[in-house]
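Enquirer: Listed below, chain by chain, are the residues.
2 protein chains.
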Amino acid sequence: MNTRQLTELAQQLRVDSVRASAAAGSGHPTSSMSAADLMAVLLANHMRYDFERPAHPGNDRFVLSKGHASPLLYATYKAAGAINDTELLTFRRHGSRLEGHPTPRRLPWVETATGSLGQGLPVGVGIALAGKRLDRTGYRVWVLCGDSELAEGSVWEAAEHAGYEHLDNLTAIVDVNRLGQRGPTRHGHDLDAYARRFQAFGWHTVEVDGHDVDAIDRAYGEALSTAGQPTAIIARTLKGKGVASVQDREGLHGKPLPDAEEAIAELGGVRDLRVEVPHPPAARMVHPVSSGHADLPRYDIGDEVATRDAYGRALAALGTARGDVVALDGEVSDSTRSEFFAKEHPDRFFECYIAEQQLVATSVGMATRGWVPYASTFAAFLTRAYDFVRMASISGAGINLVGSHAGVAIGQDGPSQMGLEDLAMFRAIYGSTVLYPCDANQTAKLVAEMAGLDGIRYLRTSRGAGPVIYSPTEEFPIGGSKVLRASGDDRLTVVAAGVTLHEALAAAELLEREGVQVRVIDLYSVKPVDRRTLREAAESTGCLLTVEDHREEGGIGDAVLDAFTDGRPVPRLARLAVRTMPGSASPEEQLHAAGIDAESIAAAARLLVETAVVR
Amino acid sequence: MNTRQLTELAQQLRVDSVRASAAAGSGHPTSSMSAADLMAVLLANHMRYDFERPAHPGNDRFVLSKGHASPLLYATYKAAGAINDTELLTFRRHGSRLEGHPTPRRLPWVETATGSLGQGLPVGVGIALAGKRLDRTGYRVWVLCGDSELAEGSVWEAAEHAGYEHLDNLTAIVDVNRLGQRGPTRHGHDLDAYARRFQAFGWHTVEVDGHDVDAIDRAYGEALSTAGQPTAIIARTLKGKGVASVQDREGLHGKPLPDAEEAIAELGGVRDLRVEVPHPPAARMVHPVSSGHADLPRYDIGDEVATRDAYGRALAALGTARGDVVALDGEVSDSTRSEFFAKEHPDRFFECYIAEQQLVATSVGMATRGWVPYASTFAAFLTRAYDFVRMASISGAGINLVGSHAGVAIGQDGPSQMGLEDLAMFRAIYGSTVLYPCDANQTAKLVAEMAGLDGIRYLRTSRGAGPVIYSPTEEFPIGGSKVLRASGDDRLTVVAAGVTLHEALAAAELLEREGVQVRVIDLYSVKPVDRRTLREAAESTGCLLTVEDHREEGGIGDAVLDAFTDGRPVPRLARLAVRTMPGSASPEEQLHAAGIDAESIAAAARLLVETAVVR
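These protein sequences, in sequence, are chains A and B. Following this note's numbering, the numbering of the first sequence begins with 2 at its first residue and continues without gaps. Following this note's numbering, the numbering of the second sequence begins with 2 at its first residue and continues without gaps.
It is worth saying that the hints were derived from the structure and are not from the lab. Where hints are given, some of them may not hold.
No distinction is drawn between identical chains; accordingly, a pair holds when it is met within one copy or between any pair of copies.
[As the list claims (entries may be wrong)] Result set (EDC-like, lysine to aspartate or glutamate): computed pairs, CA atoms no more than 20 Å apart in a straight line:
{"id": "1", "residue 1": "LYS483", "residue 2": "GLU450"}
{"id": "2", "residue 1": "LYS483", "residue 2": "GLU537"}
{"id": "3", "residue 1": "LYS133", "residue 2": "ASP348"}
{"id": "4", "residue 1": "LYS344", "residue 2": "GLU251"}
{"id": "5", "residue 1": "LYS256", "residue 2": "ASP335"}
{"id": "6", "residue 1": "LYS133", "residue 2": "GLU352"}
{"id": "7", "residue 1": "LYS483", "residue 2": "GLU88"}
{"id": "8", "residue 1": "LYS256", "residue 2": "GLU340"}
{"id": "9", "residue 1": "LYS344", "residue 2": "ASP301"}
{"id": "10", "residue 1": "LYS133", "residue 2": "ASP325"}
Hey, can you work out the whole structure from these sequences and the hints?
Expert: The structure is reproduced here in C-alpha cells:
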C-alpha cells in the first residue's frame, strides 16, 4: 500500500478500535490508537500470512504482547477479512471470541494468550527459536510491545536470549506512547533509553516516528534486511492518537472514549478498507515422523535409581522415538538429567541458562509450532515462572514441565533449593496434570505418557536414589493409582507418592510386625486423582493417612480430600506433611525432622488405629 | 589492610571455604574461591559493620546474591570474629546455623535468604532505596552477584529500578568466573558484555581483575565516590582460584575439592587472621513514632463499596497512625487503590512500575530495615513473584501483599487478569496468613491487623462494589470466622468469603423461602482457618458446602477440609469453585457461568439436603 492508503487503513483501525470499545462499554481504545500506524504498515506491506490457513508452516507469526490493545488486533482481523464488522462489535461480550485480551483457545490467528505484560516477547523468542533451529520454513516473528511492559525483567531475559541466539527472524515493535495505566512511564518519550538497553543485549535498533507510515515502512524493511541480530523498532507514538480530547492525556487508560461518535467523525468516519495480506511461500512442516513407540529404559526391581536419572534417560529414549520432542533446561541439566537428552539429540536441546521465565516461554513458543517440549529445572525454581505457567494454561498450550529436587529429601542444600510448593502451584492450574513417580520404571512410563496429554503437565522428580519397585512392564494410566499392600484386615490406608511411598511401605512393614495391617496406595497421579480407588480404600479401612514431602496445603493431602467432596460420607482423615522450615541436614534427618519418615508414619498410624478402636 | 595482608586474608577465606566444604562433604568451595579476593578487600577496607550489633542503623548491608558461595560468607564471619573455627566446621550439619544457603532466620548478619539466583540484587535495591529515601543513616549496600545469575530477568528489573532511582549507595560486585553449574556461561570472561548491560540501565561500571587486591580496592573506592548512580564492579575471576587441579575447570560446581589437604597446602595452609571491621558512625533509626491507633474509615451497613477501595482508604489511615508503614505498587495504584495512600503519604509511597518481582523484593528489602511494607497489584500478577514470596518466607520477612481483582467477578477483562490461583499459592507458603474480606469495614480492620503479624500476609480484594454487612465496630480476629446465619434447624452450612459470601447469603434467603434453613459462615481468615467454628457447624448441620471465586484446588474448599484432618469423624462435604476457563462477560454472567452465584449455590444446597434425607 502507498502512503495515503496506509494512512487511511490506520485511521480505519483507530475507528474500529473506538467502535468496538464503545459497543463493549469497556476496553483499551487509546492503547490501540497509538499503535494503529504500526499495525497498518505491518499488515499491508510486510506480514505474510494466510488467514484461511493459520497453521500454514510458512506463515509469519504475530504476537500482541500488549494484550490489552485487543481492539486494534480485532480491527486488524476485520481489515484482513478474517472477521466481519458484526463480530467486531461483539467485543468483550459473553460468548464472543473477541475477549478483552486475545487467546488462542478462541481465535486461530492468536499464537499465545497475552494480558500479563512482559510475556509476549519471551514467547515470541520461543517461536523465533523454533523457526531458526527447528522449522526452518523462513517465517518471521513480529511482536508488538508496549513501553510500560519493558519494566518487566522477563523482557530483558528474552532480549538476552534473542541476542545470544542471533534471532534475526524476530522483530520487536515497541509502541512508546509514554503513558502507562496510572501515569507516565519511567522513560517517557526517551527512545534512546530503550534503544540503549536493546543494543546492550545485542539487538539492532531503529528509532522511528510511530505515526509516519513511510518511516515505519522503511524501519520494517531494515528489520527484514538485518542479518545476525534481532531488531527492535522503537516507535514514538501518542496514546489516543488522532482524537484531540484523549490524545497524549493521562487518566484515560482502559476506558472507552467519552464521545465515540465525535471521535469517529474526527478520525474521518467509518471505513471498510480490505487488505489482501500476501500469503507465505509454500513450506512444509519438518517434524520428523514419529515411530510412535519409545524403547524406554528398563530397570530391575530392587535397583537403586533416582527418578531424575530415570527422567533423563526416558526423555532421551522418547526423543529417539519421536522427532517432535524437544528438551529445554535452565542451566541445571546435570542435575535434572536432561543432559542425557542433550547428548543424544543436541539439535533438539535448548539451553535457556538461569532464566526460568524464558524456559517456560520458549516451551510455549515451540508448542505453538507443534513441537512437544519438556522443560526442566529444580521444582523450587519453577515458582519463578508461575505467571508464565498460568498464561500458558490460558493459551491452552501443551507443555511438559519437570521439577527435580523435590522436597526436604534433597538434604543439605536447604530450603531455598527444596520444591515444597510445586504440587499446590501446579494443581491449581486449569486443566493441569500432576505426576509424581516413586521409581524408575514408573518415571519412564509417565514421561512417555505425558507427551500425549492436553494442557500443562507437570512431573516431579527426586534427587536421591530409591529402590525400583515396579516391573518395567507395569502400566501407569494417568488418573490411576497403585494399591501396593492390601488385606481384608486393613485398619488404615496410607496414601503417599515419590519418596514418602517408600517410607510408607517401610512403615507398613513395621506395623505388620506389631499386628497392624495397613493398606498402602501409590498416588503417582496427583491430578487427576483416582477417586474410585481412594473411595474403596476409605470404605474398607475407614481412615486415610496421607504423607507427602510437600507443604500441607495444596499437595497430596488436598488431592486425596478432593475425592470426597461429592457430598457422600467421608472417611476419617489425617495428614503428614512438611510443617516446619527446614535447614541443612542429611536426607534421612530431613525426613525425620519433618515427620514424614517411616517411623513418623508408623506413629501416626498407631494413634489413628487406636482412636478408631476407642470409638 | 595492605596488599600483602589482603592477599593473606583472601587465601584464608579460600582455605576456610575448602575446609568447611570438606567437613560437610558437600557445598560450593570453587564458587567461593573465585570471590575470595573481592570479599577480603570489602571486609578489611570498605565495609562498616558492627558484628555485635547487626541491627545498628548505620551498618553497611551486605547481600550474598550468589547464595551457594556460603562457605565464603561463613569464612568471612570467622575472619571478622563473629563465629569461631569450631562453628565454621559445622557447615551444612543438622542444627547448624551455617546452612547450605544463608538465611536470616538463623544468622543475624544475613539480610535476606538467598539461594534462588537473581534475588539478592533486587532485595539489595530495596534496602538501598530504604537507605536513600527512608532511613538516611548513610549506610551502603554491597551485593555480591554471580555471573550465571545475570541471565535472570529479575537482575535487569532490579538494575532498571536502581538506575532510575539513582541509588549511589548501592554497589553490585559481579564475580565473573565464567563457569555456571553445567558449563560455561553465555558471556564467559567478556566483562564488557556485562558492563554494557549495566551502563544501559544507568549504572556506573568498573571492570577489574578480581584477583588483584589493589585493583579491587581502587574499584570499591571508585564506587564509594560515584554520585548519582549505582556502581557495578565487573570482576574477572577464576572459579576454584588458587588450586591448580580445580581452577577454571568445568564439572566441579557444588562439590568439595577432591583432595582438601593438598588444596589447603597449595593455598599456603590454615591461617587465623582476624579483621577489625570498622564500626559505622553513630546513627539513629528514623521511624517516626507510631500513634498505635489508626482512625480507620467507617462505612454504614448497606453502603456499596469495593473492598479494593476500602483497602486504599484503610491503608492511608494506617499510614497516618503509623510512621513505619510504607506502600508500594506495580503501576496499577489507580486499580488497587493504593493511590489513596500515595496521595496522603507521598514520601512513603514507592512506584515499582510493572515489575512484580521487584515490587516484592523491594518490600523484603524495606522489611529488613524495620519498615512495614504493603505491596499491591492485581492478584493474578502476584503469580509473577511467587519465587520471591517463597524466598521471603525462608527469610522470615514480614511483608503485606495485597492482590486486587480477585476471581471471575472482575468481568470483561478475561482470564489473564483474574486472580484464580492466588489463594492456593499463598496458602502453601510457610507461616503465611491469607485474608479475604467481603465488606469495607472488615477490610479496614484486617488491613490494620495485618501489620502486626509475622511472615507473609496476603489480603485478597475485589474489583466490584458489594454491600457493607458489618458494623464498623465489629472485630475480625485472625484465625476467626463469622457465623452470619444460624438456627437450630440448619440442614447445611455454606462456607464462603469475599464475593461468594454475598451470593451465599442470597442463596440462604432463597432456600429459606422454600423452607430450607442453611447456616452461612464468612471465612474471611482463609489461613489460619477457624477449625472450631467449622467443626461445630459440621456437627450441627452434618454437611458443608464451600463456594469460592477461585480454582477448586488449594483455596477455600481445601482450607475448610484442613479443619477435618485430625482423624476425627468428618462431615459430608461439597464444593463449588471455578472449574471452567472463563472468557469475557459481565461480572454477573461470570459468576453464573462458573456456577458460584446464588442460584448455583441454592441448587447445590437443595441436592445435598435431599441426598441427606434419602440416606
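Enquirer: Hint numbers the structure violates, sorted upward?
Expert: Of the numbered hints, 7, 9 do not hold.
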